[in-house]
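Work from the hints to combine the two standalone chains into their complex.
In order, the protein sequences belong to chains R and V.
Sequential numbering of the first sequence, starting at 1, is according to full-length UniProt numbering.
Sequential numbering of the second sequence, starting at 1, is according to full-length UniProt numbering.
Be aware that a few hints might be false.
[Unchecked claim] Calculated lysine-lysine pairs in the BS3-like style (CA-CA distance at most 30 Å, straight line): (1) R/49 / V/194; (2) V/167 / R/37; (3) V/219 / R/29; (4) R/49 / V/517; (5) V/76 / R/29; (6) R/49 / V/257; (7) R/49 / V/118; (8) V/72 / V/214; (9) R/29 / V/517.
For the record, the hints were derived by calculation from the structure and aren't laboratory data.
Small disclaimer: the values here were computed from a predicted structure and weren't measured.
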Amino acid sequence: MFAIMQIDNDVSGREFRRKMRAKCEFICKYCQRRFNKSYNLMIHERTHKSPELTFSCEVCGKSFKRQDNLKQHRCSQCIWR
Amino acid sequence: MVMNTNEVDMFQSYLIKQCLCGISEATLRKPFEGQQITDCNGTRTAMLIEWPTTKILEYLSKLQLLFDVYLKQNNKGYICSRIVDICNTIIRNDYNLIEQIISLCDTRNKYVNYMSAKVLSSFLIVAKTSINNEWLETIISYLTTDNVDYVKINFALEVIKRVVEWKDIEIHVLEETQLQEGASTSSQNETCTKVIFSDSDSYDTSAIKGLIIKSLESKWPDLVSKIQNLIMHNDCVEAQTCILTFLALWESTISVKANLSIIDTKPFYAHLEMFVGLLHSNLSPLIWKQLLSLFNEVLCYGSTLALQDMLPEDTCQLAHLIVRYVKDYRLLDCLPYRRTEGFVVNSFVGTIQSLHNEASTDKTLLQKMVLLVLKSVAITIKETRSDSSDSSVGSDDYDFYQDMQLIERSIRDVLKKVDVFLKNGLDFHPETPFPKILIHLFSDQDDYLIESMVCTLDITIGISYRNAVFPDLINMLNPIFSFIEFLKIVSHDSGVLLDYLVSNETCFLLYLLRFLKYTRRNWSKFVSSCSECSTVTRINEMDNTMTVLIRLKYQITRLVSKDLFPYNISPVLKLLEVCEGLYEGNEYS
Ligand SMILES: [Zn+2]
Ligand SMILES: [Zn+2]
Numbered sequence: 001m002f003a004i005m006q007i008d009n010d011v012s013g014r015e016f017r018r019k020m021r022a023k024c025e026f027i028c029k030y031c032q033r034r035f036n037k038s039y040n041l042m043i044h045e046r047t048h049k050s051p052e053l054t055f056s057c058e059v060c061g062k063s064f065k066r067q068d069n070l071k072q073h074r075c076s077q078c079i080w081r
Numbered sequence: 001m002v003m004n005t006n007e008v009d010m011f012q013s014y015l016i017k018q019c020l021c022g023i024s025e026a027t028l029r030k031p032f033e034g035q036q037i038t039d040c041n042g043t044r045t046a047m048l049i050e051w052p053t054t055k056i057l058e059y060l061s062k063l064q065l066l067f068d069v070y071l072k073q074n075n076k077g078y079i080c081s082r083i084v085d086i087c088n089t090i091i092r093n094d095y096n097l098i099e100q101i102i103s104l105c106d107t108r109n110k111y112v113n114y115m116s117a118k119v120l121s122s123f124l125i126v127a128k129t130s131i132n133n134e135w136l137e138t139i140i141s142y143l144t145t146d147n148v149d150y151v152k153i154n155f156a157l158e159v160i161k162r163v164v165e166w167k168d169i170e171i172h173v174l175e176e177t178q179l180q181e182g183a184s185t186s187s188q189n190e191t192c193t194k195v196i197f198s199d200s201d202s203y204d205t206s207a208i209k210g211l212i213i214k215s216l217e218s219k220w221p222d223l224v225s226k227i228q229n230l231i232m233h234n235d236c237v238e239a240q241t242c243i244l245t246f247l248a249l250w251e252s253t254i255s256v257k258a259n260l261s262i263i264d265t266k267p268f269y270a271h272l273e274m275f276v277g278l279l280h281s282n283l284s285p286l287i288w289k290q291l292l293s294l295f296n297e298v299l300c301y302g303s304t305l306a307l308q309d310m311l312p313e314d315t316c317q318l319a320h321l322i323v324r325y326v327k328d329y330r331l332l333d334c335l336p337y338r339r340t341e342g343f344v345v346n347s348f349v350g351t352i353q354s355l356h357n358e359a360s361t362d363k364t365l366l367q368k369m370v371l372l373v374l375k376s377v378a379i380t381i382k383e384t385r386s387d388s389s390d391s392s393v394g395s396d397d398y399d400f401y402q403d404m405q406l407i408e409r410s411i412r413d414v415l416k417k418v419d420v421f422l423k424n425g426l427d428f429h430p431e432t433p434f435p436k437i438l439i440h441l442f443s444d445q446d447d448y449l450i451e452s453m454v455c456t457l458d459i460t461i462g463i464s465y466r467n468a469v470f471p472d473l474i475n476m477l478n479p480i481f482s483f484i485e486f487l488k489i490v491s492h493d494s495g496v497l498l499d500y501l502v503s504n505e506t507c508f509l510l511y512l513l514r515f516l517k518y519t520r521r522n523w524s525k526f527v528s529s530c531s532e533c534s535t536v537t538r539i540n541e542m543d544n545t546m547t548v549l550i551r552l553k554y555q556i557t558r559l560v561s562k563d564l565f566p567y568n569i570s571p572v573l574k575l576l577e578v579c580e581g582l583y584e585g586n587e588y589s
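So here's chain V without its partners, still in its complex pose (with noise of 0.2 Å):
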């Protein structure tokens, strides 16, 4: 076999530099045109897939480097005119090369397969619709073969997450270098013959990745159906990894952030509620994990559903269904959260040893159960009261109310069992306060507190919207004491909330928003919370509350004369001017 390393190599050496004008044309088309061996039948061109493991990977890392340069500079607006050149080669397929990634899966070397659908999916965002569908069509026909071929699906699943996720817009290490290199890079970028890529086409994805769901969606029920089957009946390693990449791939599908549009994922919303009947107790806590975040990712409450007035049928539905398990069929006694002492057990993995320091809860599983309990309850109080504004034309006000009791009472069951749940599983005091206890389960993880938040606030404003029927159900969910407890956790710094404001990775603004409105609305609420708060902790917890807030409004003023502020924030600044009023109001009465 002849491998020509030193044009392979120069042609990275050049690919790193980001530019690929400096190298003859020979040298530009070499790592293309596949390596000869000579074998009984002679001297020929070797297929990608007779080349040694080595080589191959080698192989795909410089693609994926030439495809990860490529969107780079499709993303700056323009890129080096020979790596276009080269690209385009690609696309129309002049080597055959697609089809001989593809077929690397028959290799079943698990590195390979990695970094060949990593390649694979790199080059459909390149390539964008200019690709053939025979080449979509064999990766998607992998999900469904009549023998279960757990490398083909997982390949196959992995290609399509991929796709789905792809964020155009992050920095890659590539970037970094360039910085720092300086004068040097410039230089070499003179010479460079760029083309302008600039146009939205160039560098949207959407069309692509509408392209991939409607393919998946033609096979989706076949594969809910396997994927369904294996989860009832088959805990080998290859089995399960196929179950977390498809329960990963469905999360990704019907994320808010993948920027599809809901059309098109309409479909994928079908087969929810007969997963929900899956956990159970003996299932792998990984995939319990996997399962409750696909839940959450569908009950994107503070992102979406919060802000809508008419909530989606069949995301009501499997909320309903939530919180249905929890009241009436010990849902949370089945969560395998309990790690056994000693050893870790999952059927992903085996058996394995435990660390000695690890902690015997496993919290993540802890906080995802509890957040997709909170974020169904509060979706179902939601869609009650939406209901009951709606059919404005011969409503029953004592019908409503008949309703408004019953589900006020089914809510207080389940939340008194989360609370309990809690304070079993984090050895809380029987006595602690519950918004206390969901703020310590969330500390770490501030997106699921802020969430958490919103939804307690607006559960509490759910059911205090008429005479609630279970006033210790206010008491207990008090949204004042969370932000107190809130902002015990951020230290009482102005600047963080500040950053949750700018950073969209919370529902932060959602949060304050609502949370001001509710103080503005509630402020004798408001001072005696924090009077009561304060016995507790023998601080003044209104002096400190208000500090903070008013540290903060003074913070978003500098921004905004400055017009540094990314969007327009003056709801909040109003409401905190106002309940900075209230304040000082209330200060010499």
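Just chain R, with the same shape it has in the complex (with noise of 0.2 Å):
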């Protein structure tokens, strides 16, 4: 009958520790601070990262972090332009 009960504390118990996870199951994956929505995660996940380089040019392929640093390179097809 103890053993019972105890098994019994240990399932809420259990089941207590999971809802509380659940709640914020997104883990950071570069400081493991725990978040409640994935985009949430994907906005914080972005403050680790480098600078990706986004704009490029379409011409020579030359690629840029900043939009204003590709329209400062000269190409007269860009699309950019």
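What follows is the structure, given as structure tokens:
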């Protein structure tokens, strides 16, 4: 009887912990901080990363971190113009 | 003394071309074999410390270049095999080089110290965990010698700080020259025997960062009380230098950008509150600035805390303390942001003549102070809200209302103090709206600017969650006014907003997401706030604002269709569409 009670307690304890964890189940792979929404985690994880090179010139293929860097880069047929 | 100038020069010229394959084994080893000297004991190999200062500096910069090239190539996935060879020799400590560099501290020469700290930290990054623990222990032991040795403390702090701050991807000067040389470099590289170093372990620095943080942790409490003592009692230049380096290291250690695990850095959150008490009007502005930077880094609102449901307790405590110090202990009045007429006084460099055109207020100090207060307020409100939603069982609505009222009262008090403080400090007209003052305060510092907007937006949302007790507070913070003012700062250029979204230097993604949600939910307030602004500026602020947002939507859509957007932007895109729909519906009504 006593043993059953203990198991019961354990299960509810585990259940409780599982619920608590489920509330913030998205963990940052860089710093292990916890977030409750995956989009929030994505926003946070961007802080850890080096900026991506996103703006690339379609003609010469050179990539830039910022659009204004690309604009400064002279290329007549660039899509940004 | 015999210097093998030719071989050393040749070593360097090959290193600049980023390949050591073409040189003989003897030339490769020469720079590391040390110099011969003849003294009363006959001819022997000289220790590094016995060399002339200029030769030490030349030698250290060659080592630095070697490590720089190694790390750069490691990042690309291959390293010249001879560069690997020579670095391995140094790691194996065949020449006892590392102990010699550590002992260069005894030269007491600041240039030598600067270079040797730099070289040692790069060495630790190259060697990673294949290092001799005694080296780390020696460096760490410099922090807590019985007789305070400023030179050694600063040296050790610099080495640790550089390792903690190490970022993998940075474009090196040599990269530019390689690009320019083009063809000649590529033919050179064909003769190079490369070793592939592309597994993540070869460039992942988290292990060495973790190791150095762990060693630091053991000395931390002792070091903290030493520095606290220096802040209170010692204002000689050497002590101040140590204090500033220490605070910068502290800031880097807990910075989200250091990519350290929160579990590893937990012990470094313990002593923060003591340092809030050190903020006095007679403290040097430089140390004020560094302390405020540290606290701002702890309250990493835009990058982290604003996105979390449960906030760490130690962080909340720091926020409460700041709120209390502003409210009850006149913290704002202690801030030494006014530069004395004609002179800049600080205990670090002494009293110096200020430049003619220099402003009489230190804007950076004002910015750091105000941002810290805004973050503290936002955290306090956020914590109250998550507490209430958390204790759903048996939570008393009346109790919650009472608590909320109490908190809102002190928040209102604090924000009014900030308002008055800024109007005095920056000579604004007493009627100037608070959002406008904030935007102008932060206009030259976009990361602060956008984080402050997230704070005021979250504070507004937080207090209007239930019926606000003080409606004047909501009017004072009006986030729509902030956005209209912000658009003026960026000249209504949607391209600037796009840059902010794509880069991760600010928390603009979070801001825009929340601002659009707020606008959607409070559309009539958006309309009325826009028209309120329009009567002042005589420009249709609603059309102005929506034009920028619609252009932004178009630019994002174009990037997404070309699969060029670096992350999932669809939540923002959807909100932009909804707001555009509301605007079009609004036009005909
Ligand atoms: Zn993280
Ligand atoms: Zn090579």
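When the structure is checked against the list of hints, which entries are broken? Sort them ascending.
Structure breaks no hint.
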